[in-house]
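**Q** Residue-level listing of the chains:
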Amino acid sequence: MNGPENETYVCRCEEVTREEILAAIADGATTITGIKKRTHAGMGLCQGRTCRRIISQMLSGVRPAAEIYPPTTRPPVRTAKISEFINEEDD
Amino acid sequence: MTTRTADVAIIGGGVIGTSIAYRLAQAGKKVVLAERYDFAAGATGSCDQMVSMQSKNPGIHLQLASDSADMFTTLGKELDYDIEYFRHGGMITIENETEMKVMTDFVKRQRENGVDVDIISRDEASKRQKGLAKHLLGCTFCAKDGEVNPYKLNLGFAKAARKAGAELLIDAEVTGFKTEGGKVKGIQTSQGDVDAEIVILAAGAWSPLLGTQLGIKLPIKPRRGQIVITEPVAPFVTGDVLSAQYIVAKYHPETLKDSTNRGIQLGVGLALTQSAKGDILIGATREFVDYDLKNTREGIREILKNATRIVPGLKGINIIRVMSGVRPYTPDGLPLVGFVNGIEGLFMAAGHEGDGIALSAITGKIVAGLICEGKAYRDVSAMDPNRFDLFGEKWSDN
Numbered sequence: 001m002n003g004p005e006n007e008t009y010v011c012r013c014e015e016v017t018r019e020e021i022l023a024a025i026a027d028g029a030t031t032i033t034g035i036k037k038r039t040h041a042g043m044g045l046c047q048g049r050t051c052r053r054i055i056s057q058m059l060s061g062v063r064p065a066a067e068i069y070p071p072t073t074r075p076p077v078r079t080a081k082i083s084e085f086i087n088e089e090d091d
Numbered sequence: 001m002t003t004r005t006a007d008v009a010i011i012g013g014g015v016i017g018t019s020i021a022y023r024l025a026q027a028g029k030k031v032v033l034a035e036r037y038d039f040a041a042g043a044t045g046s047c048d049q050m051v052s053m054q055s056k057n058p059g060i061h062l063q064l065a066s067d068s069a070d071m072f073t074t075l076g077k078e079l080d081y082d083i084e085y086f087r088h089g090g091m092i093t094i095e096n097e098t099e100m101k102v103m104t105d106f107v108k109r110q111r112e113n114g115v116d117v118d119i120i121s122r123d124e125a126s127k128r129q130k131g132l133a134k135h136l137l138g139c140t141f142c143a144k145d146g147e148v149n150p151y152k153l154n155l156g157f158a159k160a161a162r163k164a165g166a167e168l169l170i171d172a173e174v175t176g177f178k179t180e181g182g183k184v185k186g187i188q189t190s191q192g193d194v195d196a197e198i199v200i201l202a203a204g205a206w207s208p209l210l211g212t213q214l215g216i217k218l219p220i221k222p223r224r225g226q227i228v229i230t231e232p233v234a235p236f237v238t239g240d241v242l243s244a245q246y247i248v249a250k251y252h253p254e255t256l257k258d259s260t261n262r263g264i265q266l267g268v269g270l271a272l273t274q275s276a277k278g279d280i281l282i283g284a285t286r287e288f289v290d291y292d293l294k295n296t297r298e299g300i301r302e303i304l305k306n307a308t309r310i311v312p313g314l315k316g317i318n319i320i321r322v323m324s325g326v327r328p329y330t331p332d333g334l335p336l337v338g339f340v341n342g343i344e345g346l347f348m349a350a351g352h353e354g355d356g357i358a359l360s361a362i363t364g365k366i367v368a369g370l371i372c373e374g375k376a377y378r379d380v381s382a383m384d385p386n387r388f389d390l391f392g393e394k395w396s397d398n
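Residue numbers (the numbering used here), protein chains in the order written: chain Y, 1 to 91; chain D, 1 to 398.
In short, the hints are calculated from the structure, not lab data.
Some hints here could point you the wrong way.
[Stated by the list, open to error] Cut-off 20 Å, straight-line C-alpha distance, at most; resulting in silico cross-link-like pairs (SDA-like, lysine to any residue): (1) Y/K81 with D/G316; (2) D/K30 with D/G374; (3) Y/K81 with D/D279; (4) Y/K81 with D/G374.
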């Protein structure tokens, strides 16, 4: 799986290459979450904003595109300081 | 669909199921494991990374954790997989005289169990951990506390199990059991049947749902833990930092029942640690909310209020993510490990609550011992599932 194409970084935050994503698929991952657990792709600062779509496209080779669900979305929408959370009041 | 034949069928591909699969395959058993989603999809994938001695009740619970920690030192090498196990030590923060009294007794009992734990002053604790609050009276310290990457541990067990000959099916939901005259004869899955004389139920918090299909009522309940994750930062947290409040929430929830503090009502206790790549994990709530896996604003806020009261130095760090998962709670805090009387062939290995990671290594060894040799390396009768009335309603439900 060598070659410049496979050395391309898919997840820049966690520095995960295309080759590593392909290895995770070969290991049996069929979901974005499965890729995440095996490679940490999508677990960094941007939380998969860019790589999620590329990984979905790569997974479409092993699973019908219609069955590739986005991973669980959880707060925060963007990074926020801890001090901001402790001072917030209920709506 | 193919019907597979095995000596043992295992339900659940978390750290417990895969640890067992590995040990049984290693002992020469033909093993087929069925996992509904994927490895690290349940509690294994939504926990912190602690392999903590100090959070275990002195007695068999602590003894097993200590034996498990001994296995962790060579486990990565044995599995031929980097599980990122480090032994940086751990502390439990003490904020008031009541906690000091509870922890003094806890430490005394831990020492009687041969685990080296001390109470150190706030000044000594500050040399280990920056950013601690001024009001702390001191901390306990145990050098044997460690951390492991839970995903990698799970994947490492799975890889080693496959290498040893086990067949591990992911995306394979168990839809039913095969039975014959009060005996379990196998499982039915979305990828076909597995015929086996022994079926191990290692589905964590989801085990009771499968138990129902066999007419047993397991005393396991899902207990939600919410955890907050920060951006990667330079080394800040040394090892594991828990609060004495966590010990109280874990072992004496009844004493907190009448509290009006929202954090206490949610079972919040500090569980602080930093991953190898720099993210700080800040936990956790302990809530009974059935199988609700959502995070709540209130839960996140109370976790952070609690954490910054004890470690104010965290305030300026950014959060990138929160997570939430359910742990398999049992009324006496010990898992169910052993054959079920009354249903021949059914073996339980679930109910580790927040100790699944720490106890994963030793659980695999115990189960392999019980199944292959008829006995474990030590007396594990305290975990016998038959201590609960599995066919009635007699077990306490709090």
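**Q** Need the list of violated hint numbers for this structure, in ascending order.
**A** 4
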